[in-house]
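Numbered per full-length UniProt numbering, the sequence shown spans residues 1 to 716.
No false leads were mixed into what you were given.
Ranges of calculated distance between the beta carbons of each label pair, as one might list FRET restraints:
| no. | residue 1 | residue 2 | range |
| --- | --- | --- | --- |
| 1 | Met334 | Asn128 | 51 to 59 Å |
| 2 | Asn179 | Ile557 | 41 to 49 Å |
| 3 | Asn566 | Met1 | 44 to 52 Å |
| 4 | Thr14 | Glu244 | 49 to 57 Å |
| 5 | Pro316 | Pro484 | 25 to 33 Å |
| 6 | Asn128 | Ser172 | 15 to 23 Å |
| 7 | Ser465 | Gly546 | 17 to 25 Å |
| 8 | Gln487 | Thr47 | 52 to 60 Å |
| 9 | Asp149 | Glu244 | 31 to 39 Å |
| 10 | Ala34 | Gln227 | 42 to 50 Å |
Don't read these hints as lab results, they were simulated from the structure.
Where a beta carbon is used, it is the ideal one built from N, C-alpha and C, also for glycine.
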Amino acid sequence: MIPGALGNCSGLTTIDLSLNSLTGEIPPSFQNLATLEGLLLSDNHITGVIPPFLGNFSNLRQFGLDNNNISGEIPSNIGLLKELTLFFAWQNELQGKLPNELANCQKLQDLDLSNNALTGPVPRSLFNLRNLTKLLLISNQLSGKIPADIGNCSSLTRLRLGSNMLDGEIPSEIGMLGNLRFLELSENQFTGKIPPDIGNCKQLEMVDLHGNKLQGVIPLSFVSLLQVNVLDLSMNQISGNIPESMGNLTSLNKLVLSGNKISGSIPRSLGRCKNLQLLDVSSNSLSGSIPEEIGDLQELDILLNLSANCLTGPIPESFSNFSKLDNMDISHNMLVGSLQVLSNLDNLVSLNVSYNNFSGSIPNIKFFQDLPNATFAGNKKLCFTKSKCHSTEDIHRRKSVRNLTILVVIIVIIASIIVTAGTIFYSRARETLLEKSDEEKELQWDFTPFQKLNFTVEDVVTKLSDSNIVGRGCSGVVYRIETPTRQFIAVKKLWPKKKGEIPQRDLFSAEVTTLGSIRHKNIVRLLGCCENGKTRLLLFDYISNGSLAGLLHGKKILLDWNARYNIIMGAAQGLAYLHHDCIPPIVHRDIKTNNILVGPLFEAFLADFGLAKLVSSPDSSRASDIIAGSYGYIAPEYGYSLKITEKSDVYSYGIVLLEVLTGMEPTDSQIPDGKHIVTWVYEELRERHRDFTSIVDQQLLLHSGTQTEEMLQVLG
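Hey, can you work out the whole structure from these sequences and the hints?
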């Protein structure tokens with residue numbers, strides 16, 4: 001519990017008890033802390049209500065209650081907090097209406113009350129907050145309309161009101177928000193047309209309006225959204241055509257228009273959206289042939305879904321370019337011709353071509369042969385053999401003859417077994433006992449690929465020898481394996497969950513499946529996993545230059561500043577993806593230079609992301625079996641909170657930056673008096689007032705030229 005005696009410290013300006021396991025309520029004695037500027041209690045188990053003496057904190061700037069169990073209503077006297085800039089109370093049990101008095105907090109910039117049970121309308125007065133940059137009210141029970149006053153919030157960068165019960169039309173005044181980057185109004189009950197004025201918000205990176213009752217057409221003004229990465233208008237009642245100008249949105253990563261009433265043809269211009277990773281226009285009324293230009297989308301890797309339309313013609317030859325694509329669904333159309341064009345899509349994991357008019361034989365490769373029958377259902381002219389296709393009656397007749405032959409052979413075999421069973425019973429019984437003994441040692445391997453792979457689990461397991469070991473870490477042993485096609489992969493053999501304990505297969509599969517779905521250019525690709533109830537293997541791309549730690553401290557090659565800067569920027573982008581683009585967010589838990597791999601062009605790849613939940617090192621002496629980072633990189637608050645969050649990753653990344661700048665490890669023997677790198681850098685820069693170049697890797701200074709200013713900016 002929070003000690004009530006803290007209320008006697010009347011001169012306190014900041015209380016930060018975040019990231020602990022505190023219980024109980026906010027002590028009544030806190031009403032004496034009139035000078036408080038920051039009250040941060042996030043990520044605990046605090047209960048009770050927001051105290052009625054909140055209005056006493058006239059100097060309060062930051063109020064963080066997120067991720068607790070706070071209930072009750074937001075008190076109206078919150079409007080007395082004239083200095084408040086940040087109010088976070090998401091992921092609680094708050095009820096009631098949003099108080100109109102919030103509008104009195106004229107300095108408020110960040111407001112996040114998502115994931116509560118708030119009801120009633122969004123107050124009109126809230127949109128008079130000219131400094132408001134982030135308004136997040138996701139997953140509540142808010143109702144009513146968005147008032148036109150929203151146009152007054154000219155500073156808004158994020159407006160996220162998804163998963164509520166808001167209705168009416170989307171106000172055109174949103175188009176006045178020139179700084180808006182994220183617009184999410186999904187899963188509400190909005191009606192009417194999509195306002196063309198949204199096209200005026202040229203800074204938009206995400207537009208998510210899915211799951212409403214919107215009608216009309218896709219506004220032509222969307223052609224101005226040149227920075228948009230995600231456009232999701234699915235599950236509405238949108239009609240008309242897909243605008244030809246959509247091809248100008250070359251920053252698009254995900255375009256989702258499924259579940260509407262869109263007609264016409266797929267525009268050829270979509271082929272210009274070279275960065276698309278996901279394209280879903282399923283469940284519409286699209287007609288005509290699939291444009292050859294769609295095959296130019298060579299970055300498509302997550303999904304291509306054209307199903308449930310009225311598309312005709314053959315599969316374009318250009319579809320053979322989809323070398324990265326994992327999932328394709330073109331079912332429930334009127335497509336014709338052969339499937340052979342898909343035979344070289346080596347990365348496919350899922351395919352559905354059912355209920356079309358395809359003909360000829362399916363490709364004679366293992367992926368197609370292993371697909372379930374439902375994949376090809378409803379294609380009457382499609383054959384499953386290499387020989388010439390025959391009529392349906394001929395196929396049935398051949399199947400009948402084949403089945404009869406099989407039956408005769410089975411009868412003969414059974415008769416032979418019965419005749420000879422008596423003479424070999426004793427020896428077979430003895431062999432059976434021996435086999436049962438062997439089965440305890442030889443467990444069945446389960447192999448789950450997350451990409452299209454050209455090797456088997458046997459190809460991997462047979463090469464797990466000491467001669468192929470390239471590293472050991474807290475999560476396991478790493479092997480460098482060459483596949484039969486001369487491709488190198490990295491295989492990590494995880495330590496057992498606990499010493500002497502056989503891991504639970506279902507839990508392992510669920511966690512690894514989450515990791516396998518991650519796609520980012522700065523995160524090492526998880527190819528698949530193998531496990532047999534005792535041993536767990538993870539298969540990754542092999543990154544040729546090894547780890548950042550090896551390059552920094554191995555001294556095999558000189559890492560100049562350009563290379564180092566490229567690496568730390570890539571690592572930051574990968575980490576931001578895990579924290580902000582994954583739902584739910586993924587915490588890496590072990591950011592360090594050993595877990596940042598470096599490609600041939602000095603591009604960064606985060607490795608071992610999320611594995612801390614899966615493993616426990618056999619030589620770990622901690623009481624907890626959860627790996628929470630590596631010595632020297634662990635955030636100080638972990639020592640008393642034992643909780644790891646995104647902020648812990650950010651702290652560890654800061655240590656990596658210092659390591660890159662100084663060339664020193666966090667607890668390097670060259671640092672005087674055995675100090676930690678943070679303490680040493682702080683003392684050098686602040687206490688001794690020495691020039692910052694005294695801490696920078698001298699190899700960098702010799703080759704830096706005019707880049708010292710950039711190094712200083714990284715140092716902050």
